[in-house]
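Engineer: Chain V: place on chain X using the hints.
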Amino acid sequence: MASTATWMRPSVIKAIFIAGFGVLLHSAISAAQHRSFQRINRQVREAGSVDASVEDLNLPLDIWLETLTSAVLVLWCFVQMTVKLKVIRPEAEYENRTSESLDFRPSFMVFGQKESLYKLRLLDQTAGEAPLPVEGHANASQHPDQDEVTVEDAPQLENDDE
Amino acid sequence: MTWQEARDRLKKIKEERLRRSDEVVELWEGVLSKNTRKLGDEVWTVYEQVCIAALDCDRLDISRNCVKLLDARFPNSSRVKRLAGMNLEADGKFDDAIRMYEALTKADETDTLSRKRLIAILKTQKKYRDAIEELTDYLKTFQNDQEAWLELVELFCHELDYNKASFCMEEALIHHPHNHLYHQRYAEIRYALGGFENIDTARTHFAKAVQLCRWNTDALYGMCICASHLAISQKATAQKRRDNQRYGEWASNQLIEKHSDKLGAEGRSKVKNISLLLEQLQV
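From first to last, the protein sequence lines are chains X and V. For the first sequence, position 160 matches number 160 in the working numbering, and the numbering has no gaps at all. If you count the second sequence from 1, you need to add 1000 to reach the working numbering.
Hints were generated in silico from the structure; no laboratory data involved. Only a predicted model underlies this, so the values are computations on that prediction, with no experimental measurement involved. Any given hint could be a false lead.
Each computed BS3-like pair below joins lysine-lysine, with the alpha-carbon atoms no more than 27 Å apart [as the list claims (entries may be wrong)]:
no. : chain 1 : residue 1 : chain 2 : residue 2
1   : V       : K1014     : X       : K84
2   : V       : K1012     : X       : K84
3   : V       : K1093     : V       : K1126
4   : V       : K1012     : X       : K86
5   : X       : K84       : V       : K1011
6   : X       : K86       : V       : K1208
7   : V       : K1014     : X       : K86
Distance windows between CB atoms, simulated [stated by the list, open to error]:
no. : chain 1 : residue 1 : chain 2 : residue 2 : range
8   : V       : F1074     : X       : K86       : 28 to 36 Å
9   : V       : H1176     : X       : F21       : 37 to 45 Å
10  : X       : F78       : V       : L1281     : 48 to 56 Å
11  : V       : Q1254     : X       : K86       : 23 to 31 Å
12  : V       : L1281     : X       : K86       : 36 to 44 Å
13  : V       : K1038     : X       : R35       : 49 to 57 Å
14  : X       : R9        : V       : E1266     : 34 to 42 Å
15  : X       : L85       : V       : A1238     : 47 to 55 Å
The beta carbon of each residue, even a glycine, is placed where N, CA and C say it ideally should be.
Bound-form chain X, shown alone:
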């Protein structure tokens, strides 16, 4: 069940859910009524001393169908209403990642560079100049698609400008 019903408005789903719940309730009541009807029948039969040991446990077909369809409907609506399902494809998890996440490893962060990128950026803002002196990567990759090749993309190794 990877797809969510985006073509249906939430209010519609809610309405179906309430209706389905009503039908489910109705089928429960009919089942109970059927049972009590059987019990009365049995008592009558016992009074008439007919063979009473055989009890018919089966419900009539219409109650069966009503229960099943309404239960499936209610379950489906419930899933649609509450949770946002995730796509099962394994690569979906990584689709929104950019090279930024590949080049950032928090455990190996390097501190103590006094000319930190943050300060450079602050200087930059005050001077009103756009580009930063960021050198290319060792295995230089182009970033033609990214609008923001910013300080975050700067390799951590190459802070040789002290």
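Structural biologist: What follows is chain V alone, placed relative to chain X:
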């Protein structure tokens, strides 16, 4: 911005592993520092995150304050001690920091984060050879640490040892075969190595990266370059040359399509420039 939004943004930055240290510090100073009570127990993880971000931004006043508060709450925690060590590093007191981390690793041999900090100090001191040695030693024990494998890739690339870098990248690739960035990086290293076979492998991995993520423009460009190289290579068979011709054309068409989608109507002349440049790539 409300404090809830700021909190969620911090969480997102942490989960997606983004280096937005300046943003974290701004959020902390602007919004969250006035609402520490409302954060409840979450405040301690926020302090940790802000502390590291502040160190990255060279805002030692903030990071010292965070460590002080954390130390008051968790007096004997190794996690807080590590943060204090990072503060020392940022101050340039490497010897003190090394002593601190060594005490931590001695107390708990599985304290991988402190060991990684020791390697990071070597990196700060520009002792890249030593860092590589330490890191390979570390990876002998903790082979499933893909962050460390990636770090080793970067160190080897820095030393221009692409053969070893490609081996390490393969290790990382085994851990996450569905990550398009890993395929892309592996292909880039292979392309940097050069030679017919390496470029052939690079082309395959660029193609895989594009298959896994259709928006990966870097990989499309890589595919263009590799395919055009292979299409005129002397070593390739006629069939292979023809195939690569087709792959290259497909990739450049994809690129033009993507650029014209993004630029819209007014960017038509720019798209034309791009297609001219792509033709030049096919030398």
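Engineer: Taking the hints in turn, state whether each one holds.
Structural biologist: Tested hints:
1. This hinted pair checks out: K1014/V and K84/X have alpha carbons roughly 22 Å apart, not beyond 27 Å.
2. With a CA separation close to 18 Å, the supplied pair K1012/V and K84/X stays within the 27 Å bound.
3. Simply put, K1093/V and K1126/V have alpha-carbon atoms about 15 Å apart, close enough for the 27 Å limit, and the pair holds.
4. For the hint pairing K1012/V with K86/X, the CA-to-CA distance comes to about 17 Å; that is within 27 Å, so the pair holds.
5. At most 27 Å may separate the alpha-carbon atoms for a hinted pair to count; K84/X and K1011/V meet this at roughly 19 Å.
6. Of the supplied pair hints, the one linking K86/X and K1208/V holds, its CA atoms being roughly 23 Å apart against a limit of 27 Å.
7. Restraint check: the Cα-Cα separation between K1014/V and K86/X comes to about 20 Å, which is no more than 27 Å; the hinted pair holds.
8. Range check, F1074/V to K86/X: Cβ separation about 35 Å, and the 28 to 36 Å hint holds.
9. Separated by about 44 Å at the C-beta atoms, H1176/V and F21/X satisfy the suggested range of 37 to 45 Å.
10. Separation of F78/X from L1281/V is about 54 Å and conforms to the stated range, judged on CB atoms against 48 to 56 Å.
11. At roughly 27 Å, the beta-carbon separation of Q1254/V and K86/X lies within the given 23 to 31 Å, and the hint holds.
12. At about 38 Å, the CB distance of L1281/V to K86/X agrees with the hint of 36 to 44 Å.
13. The beta-carbon spacing between K1038/V and R35/X, approximately 55 Å, falls within the hinted interval of 49 to 57 Å.
14. A beta carbon spacing of about 36 Å between R9/X and E1266/V agrees with the range 34 to 42 Å that was offered as a hint.
15. L85/X and A1238/V have their C-beta atoms about 49 Å apart, which keeps the hinted 47 to 55 Å range intact.
In summary, this structure violates none of the numbered hints.
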